[in-house]
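Here the sequence shown is numbered in our numbering, starting from 1 and rising by one per residue.
Treat the hints with care, since some could be wrong.
To be verified - Quick list of the computed label-pair ranges, beta carbon to beta carbon: (1) Ile11 x Lys324: 21 to 29 Å; (2) Leu445 x Asp161: 20 to 28 Å; (3) Ile11 x Arg45: 46 to 54 Å; (4) Cys134 x Leu212: 20 to 28 Å; (5) Asn47 x Gly120: 19 to 27 Å; (6) Tyr288 x Phe205: 35 to 43 Å.
Simulated from the structure, these hints should not be mistaken for lab results. All C-beta atoms in this analysis are idealised placements derived from N, C-alpha and C, irrespective of residue type, glycine included.
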Amino acid sequence: MASRFCPKQTIIAGLVFFLYKAGESMLDATVRPYIIQAVCRNRYRDNVTICYEASIQSRAQQEDIQSTASNYLIYYRILVNVPAIILGLVWGAWSDRHGRKLPMMIPSLGSVFAVLLYVGSLQSVDWTLVLILCGSAVQGIFGKSSVITMAVNSYVSDITDKDDRTGSLSRLLAMNYFGLFVGSLLSGTLQEYTDLKTTLTVVCFIHALCVLTTVAFIKDADTNTDKTADSSCRVCTPTGLRESFTVHLKVSKVNPTRVFTTLVFIALMNQTCKVGDQDVTVLFVKKYPLEWPTPWYGYLLSLDYTAMGATLMILTPVLSTYGKVPDTVIVIIGVCFKLVRSLWAGFCYQSWMVYASVLIGAVGGMIISAVRSLVSKNVDDSEMGKAFAVLACAETASKVIGSIVFNYVYGATIHVYAGTAYLMEAVIYMFVLVIAVCLHKDLKLSSQYDVLKCNAQEQQKVVE
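Using the sequences and the hints, build the whole thing.
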């Protein structure tokens with residue numbers, strides 16, 4: 001697809017992403033604490049009062065509820081994300097041929113159907129956990145964030161020039177975090193002053209508005225291939241899936257496979273830590289000595305997403321556009337801040353320390369925007385959807401990996417030291433930092449080689 005800067009469509013794409021992320025964050029910030037409450041109600045049916053006030057739970061009851069809830073949070077993550085991984089690959093190849101508009105709408109429709117099941121779970125104690133897991137599966141079957149992330153990033157890359165792409169993708173990711181902020185804030189506020197059913201109704205409204213905005217205002221960029229029925233079906237075949245996953249073999253740069261694989265790995269590790277951190281935090285702040293009420297977690301997420309959104313909206317464009325800082329250096333800066341944040345979080349014992357930790361880690365939001373920019377600059381325009389599909393699926397897979405690993409570590413070490421999972425996160429970021437530094441050196445040497453080669457060719461032409 002030919003790149004052409006289109007600021008109006010970029011803004012609309014950002015609005016669609018904002019609305020979806022607001023609804024997704026609101027639903028996620030509502031369902032995860034609800035799972036803990038549902039587990040408590042299921043295990044202590046004769047004394048459900050303790051499920052609504054953590055301070056009256058005994059230490060043994062807290063540990064029992066959190067240990068069981070951590071397992072259900074794993075099931076929730078698996079059902080939400082595993083189907084989305086496969087669908088992300090399918091829709092990535094499909095959108096390269098037929099446009100990005102439909103993939104932008106599908107996840108919101110899935111969230112609407114999932115909300116109906118979550119509302120139904122409120123009516124029955126016996127079927128509460130089953131209906132919650134069914135709703136999670138519906139979200140996953142409709143692609144969730146994997147599909148829409150691929151679609152909007154590919155769409156913005158289609159309609160922007162390479163020189164403007166880092167800033168455009170950073171602003172798009174900022175809309176992601178601002179949407180997450182609004183959703184988390186709404187979730188906390190509505191749960192504190194209304195009830196769960198009202199909160200879920202608002203989620204439905206936001207996702208419906210996202211679909212309507214996409215239908216009314218998004219205009220697909222022109223594609224270079226014919227939109228035939230055969231090509232539409234082909235992406236659902238094993239061959240089509242294989243082509244989606246092997247897009248990195250078509251990158252036309254020096255040492256393409258290693259560069260693309262490294263970028264995907266950095267994104268995978270970063271998102272694994274991010275998701276695992278969130279799952280651990282929702283349990284960590286409920287435990288002694290913090291013992292937060294449910295709405296406070298929503299406020300924590302709001303602060304986290306606001307800080308990251310502001311960083312992406314202000315700091316990243318300044319570094320990339322005005323400071324001419326390479327994308328790899330931006331990745332290194334982000335990883336360093338994430339490393340410091342995870343070390344700090346492991347020793348939090350007061351509420352202000354938890355809030356301070358998210359401010360420290362906010363700069364880490366630049367990691368993904370810089371990785372996406374590097375991917376877009378190293379892939380042919382006609383392969384953009386596939387490339388972002390692979391990247392989005394890696395990020396989605398990380399949600400399953402992060403949830404399983406971090407919840408298991410937290411559950412296994414809660415009796416010894418509750419901050420062990422955060423210290424493990426710090427070790428992972430140390431490893432990622434080493435990889436990012438090596439990637440920066442490789443790309444720097446590669447760019448110097450390209451400059452020397454171009455100069456040699458120009459001198460040869462002058463001689464001739």
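Hints versus structure:
| no. | hint | verdict |
| --- | --- | --- |
| 1 | Ile11 x Lys324: 21 to 29 Å | holds, 25 Å |
| 2 | Leu445 x Asp161: 20 to 28 Å | holds, 26 Å |
| 3 | Ile11 x Arg45: 46 to 54 Å | holds, 51 Å |
| 4 | Cys134 x Leu212: 20 to 28 Å | holds, 26 Å |
| 5 | Asn47 x Gly120: 19 to 27 Å | holds, 25 Å |
| 6 | Tyr288 x Phe205: 35 to 43 Å | holds, 38 Å |
Of the numbered hints stated above, none is contradicted by the structure.
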